[in-house]
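Protein chains: 4
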Amino acid sequence: MENYKKIIEDIYFEIKTIDDTGEIANYIPELANVSDHNFGIHITTIDNESFGIGDFDKKFSIQSVSKVFALTLAYKFEDAKLWERVGIEPSGNPFNSLLQLETDYGKPRNPFINSGAIVICDVLLSHLKNPKEDFLNFCKELSNNSSLNYNEKVAQSEKKSGYRNSALCNFIKSFGNIKNDVDEVLDFYFHICSLEMSCKELSKISLFLADDNFTSHKGNKILTMSQAKRVNAILLTCGFYDESGEFAFRVGLPGKSGVGGGIVAVHPDKYCIAVWSPKLNKKGNSYKGMLFLETFTTKTASSIF
Amino acid sequence: MENYKKIIEDIYFEIKTIDDTGEIANYIPELANVSDHNFGIHITTIDNESFGIGDFDKKFSIQSVSKVFALTLAYKFEDAKLWERVGIEPSGNPFNSLLQLETDYGKPRNPFINSGAIVICDVLLSHLKNPKEDFLNFCKELSNNSSLNYNEKVAQSEKKSGYRNSALCNFIKSFGNIKNDVDEVLDFYFHICSLEMSCKELSKISLFLADDNFTSHKGNKILTMSQAKRVNAILLTCGFYDESGEFAFRVGLPGKSGVGGGIVAVHPDKYCIAVWSPKLNKKGNSYKGMLFLETFTTKTASSIF
Amino acid sequence: MENYKKIIEDIYFEIKTIDDTGEIANYIPELANVSDHNFGIHITTIDNESFGIGDFDKKFSIQSVSKVFALTLAYKFEDAKLWERVGIEPSGNPFNSLLQLETDYGKPRNPFINSGAIVICDVLLSHLKNPKEDFLNFCKELSNNSSLNYNEKVAQSEKKSGYRNSALCNFIKSFGNIKNDVDEVLDFYFHICSLEMSCKELSKISLFLADDNFTSHKGNKILTMSQAKRVNAILLTCGFYDESGEFAFRVGLPGKSGVGGGIVAVHPDKYCIAVWSPKLNKKGNSYKGMLFLETFTTKTASSIF
Amino acid sequence: MENYKKIIEDIYFEIKTIDDTGEIANYIPELANVSDHNFGIHITTIDNESFGIGDFDKKFSIQSVSKVFALTLAYKFEDAKLWERVGIEPSGNPFNSLLQLETDYGKPRNPFINSGAIVICDVLLSHLKNPKEDFLNFCKELSNNSSLNYNEKVAQSEKKSGYRNSALCNFIKSFGNIKNDVDEVLDFYFHICSLEMSCKELSKISLFLADDNFTSHKGNKILTMSQAKRVNAILLTCGFYDESGEFAFRVGLPGKSGVGGGIVAVHPDKYCIAVWSPKLNKKGNSYKGMLFLETFTTKTASSIF
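Residue numbers (the numbering used here), protein chains in the order written: chain A, 1 to 305; chain B, 1001 to 1305; chain C, 2001 to 2305; chain D, 3001 to 3305.
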């Protein structure tokens, strides 16, 4: 940890002041209010050592990062049957594209583009009694953290302007790959995306993907080792939309980004690291977040490649 | 090695006799002549221990696997400038698709789909005096193996039926992303694809991607550590066309397949393993090869995830 | 008229008994209940002579044919400004495709594919006080026929299963090209499509497109001569989705089809002819209807070409 | 004719001096040398009256306009069988797009986009003994004009830079829809496109499409009445690439444009009119040519709609 700590500090101060050419996401009005000066990092190792710097303890909207936990719960319920509903291939298209859905007859390419996450939400709705509450409880167990919550304002804000996601959900429904009511699926999806965490919380909740022997504080095994490895594989090939190749190339870790500016990356058998900086590059991923992680894995020689 | 050996033997005998639902590639007439009973595996560790079974010593047409070595040489010449000519993102489309080239103005998505490999060949033509000879010598140095050679018959066979590749090359040229003569680029491309190796040779020549300290027998460092890791990242996200996600998910290693039925996979810091079985699944990857590798990384718990 | 009459009778009896390889539209449950034996034809000339045969007096769901009258009213309101919201080019894609909308940033190719008609409905909503009532009144004036009405059951049936249209409307809204509430636009759209007419009524209501000097019984000029000609031009190039070229080629008249099995065709300066037969070919156009019209324009040598 | 003459003169002088926002085609180097001041018009009626103004007697490269005559000859040879090789639907894409060819398995949408014209050339090669000579003789007979010729310089210039067309031809060949040698097909295609005519010649040679009773001076019927009407239908829906709808809408006549800046338009039973002005709009059609024809059909009320 001392080694990581020193390197993280160095990179943090180096990147903190550079010119950030990114822009804050503005298509969700409520998200646009966040100060773009926020910059935080937090690492947690599988030995439960941890270190944070900057705004690592401030909560932010994790947005698409929550797709990881939704997928995890759906995978737990359905195991390999899940892949009949959603693919595991990178899409080569932006996160909210409808193009491929048409040629693929309503089966999203992977669970991390919006269409795929919407199908995952539909799968969860079919399994959960009180979907929003149950999913939140699952996240609380995953992280041993009872303070987690949705941001109702963000959920409502996204709902009001979520025409693209509504188009996706209706489109998939027209192919028969949504089983529940469109409005309920979307409401659940927007709530999941409104989940808030700090970098500290985000790096901790993701440990089940890094630690082969992970069990929750309640003593539950979340995924089998093989399942966890497979989630990591999907994260690596699909976690950054049409910049997944770039992230694998530059950073070399499975990871997931959100338009709130958060990124979590997983080094199997070693650590989880979360970064937050709200300004996004053109592909919708945190500009400073990607830069930080690239420098970090280079200096620690800890890419999985 | 003893551990690997036992597991490889077990899987080999288990898979050898199963019903192979794949089909031999028939679009290159000369390739269709290969017996579909061939099945070989060879592993080489970074400590230079090695083990093979089945037809591991028989030469076959490595086809697209040679794109790895072409990329390596071009990357050596151009370093990061190379990515101005070809991308590093998975394409989400079949290996010989023209669709994305039109929307991307002639810049192929990655160096492992045909369009990308054709651009790589064009880059090499601009650097090499005697392209075919020089590239062969590079492969000989990489593998410390002077017996490597092209199969002229296969190269000619592919040339005669290579209308799709000719379309790709002319199309890219129309966007200005091919600098040399179209016929010379294609002749070079078809020769590179006709390279022949055995599983043994293939697992050995790929060691420079697994071993951080690799130097050739002539004492040359081939790629920097960072470059080698980045080639592995591209292999993982793009090495299996529109089945790259599937391979990452099931096998969990960087790798590359060819329509000759060969696959090479790399475990950084540990080993390279090559498999050969000519019958291909619908995505154009060896059916038994993928099955073998999936079982192998599961039983050895040696996916990178 | 005598000439037309004889030819229509001959073709009617010839086609009535042939094997109809088409199928009734089944995606709108309420439409699937219609008997597929229905077959009617009615012609009305600009001199107001008319002749019908078969089920020419039975009402059916005109569906997409109503897009012609919606376009007409919107064109009346907006004139050339309308083309900022919707194009006038054939799409080369099926009627409910979302593909082009993405590359065209939410501007539908033409007013006769679903996306275009939805935008037209949105334009009308911005102009009309009581949209459904006002549009119905416009149709009544056009046809001097106070018996026209929507079929509420069909409208509700389409609403319940209209996920694709809902996807289209939300998608266009996400690009800003829908100004009103999505649900209101769709409700209006589904009602317009549920309009019912007989062949007789349909051939009569379309006369304003054939007769340069047309004025309604209230003395109103509907479109200028130039506007009417332009609507005919759009009908010819776009009236039959991705079979528009086929219809121009075989029939040679501006026309519009609906999934209810109705087709209306216009011969400028001469006549309007309506045909109804519910079974549709693979492109969604009435099988017997197209066959009838092709034979009719060939025998009367009355294509516009 | 006196009526036409006066109107043509008026429009000619009105448009001659307006600011032309178009640009000369520069992708065929040899074409870029033409003076952009050229502006000519010529009309020929089916009664063989004629009138020209401006540069109506100067030869220019008719380019894609020659696709009309190639289609005519192929249609004569193959009749309806021709449509197994090439479609009759507007493409909705630019003239040299490869996108649809992939989804349509190598069958071009229509004979007037480049891919379609290349297939037509392939069809002709299978029928003609001396293709270039025989096609030229066909054009000479059509026009009763022995002075017609290819421009060898233009043909060679296009050949040297014709990578896109070479891509199209190889791509179609890969689907099996080119039967002859790729280089021979392209050589024939480039020659056909290099045909030169004046507006006067162009309006005269097209009369067979306007006059139902047309026979050549040798006494040959070129197409049946039904075939000629069908060619006109394809011209109307497909003659102007992805601006076909626009031309139908604004001008209202079947017609064909070429990147040399020529346009020919046909009024069935009345006249053919040819316009030439080299500067092209963004869709590749003559800017002044389209403007002239729009004004002409409006003032003469002679659209077919």
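None of these hints come from the bench; they were simulated from the model.
Treat the numbers as computed from the prediction; the structure is a model and nothing was measured.
Keep in mind that a hint or two might mislead.
Only pairs whose alpha carbons sit at most 20 Å apart, straight line, appear in this in silico DMTMM-like list of lysine to aspartate or glutamate [unchecked claim]:
| id | chain 1 | residue 1 | chain 2 | residue 2 |
| --- | --- | --- | --- | --- |
| 1 | D | Lys3299 | C | Asp2269 |
| 2 | B | Lys1283 | A | Glu30 |
| 3 | A | Lys160 | C | Asp2181 |
| 4 | A | Lys159 | A | Glu30 |
| 5 | B | Lys1282 | D | Glu3184 |
| 6 | B | Lys1159 | B | Asp1187 |
| 7 | A | Lys81 | B | Glu1294 |
| 8 | C | Lys2283 | A | Glu102 |
| 9 | D | Lys3299 | C | Glu2196 |
| 10 | D | Lys3160 | B | Asp1181 |
| 11 | C | Lys2279 | C | Asp2057 |
| 12 | B | Lys1159 | D | Glu3049 |
| 13 | B | Lys1160 | D | Glu3002 |
Beyond 12 Å from chain B on every Cβ pair, some chain D residues (computed) [claimed, not checked]:
| id | residue |
| --- | --- |
| 14 | Thr3021 |
| 15 | Ile3024 |
| 16 | Tyr3150 |
Label-pair restraints from in silico Cβ distances [as the list claims (entries may be wrong)]:
| id | chain 1 | residue 1 | chain 2 | residue 2 | range |
| --- | --- | --- | --- | --- | --- |
| 17 | B | Phe1077 | A | Thr103 | 34 to 44 Å |
| 18 | C | Ile2018 | D | Asp3212 | 22 to 32 Å |
| 19 | A | Ser226 | B | Asp1269 | 16 to 26 Å |
| 20 | C | Thr2300 | D | Lys3179 | 37 to 47 Å |
| 21 | C | Ile2024 | A | Ala80 | 36 to 46 Å |
| 22 | B | Ala1032 | D | Asn3130 | 32 to 42 Å |
Using N, Cα and C, we set each Cβ at its ideal position, and we do this for glycine too.
Check each numbered hint from earlier against the structure, then list the numbers of those it violates in ascending order.
Structure breaks hints 2, 5, 9, 12 and 13.
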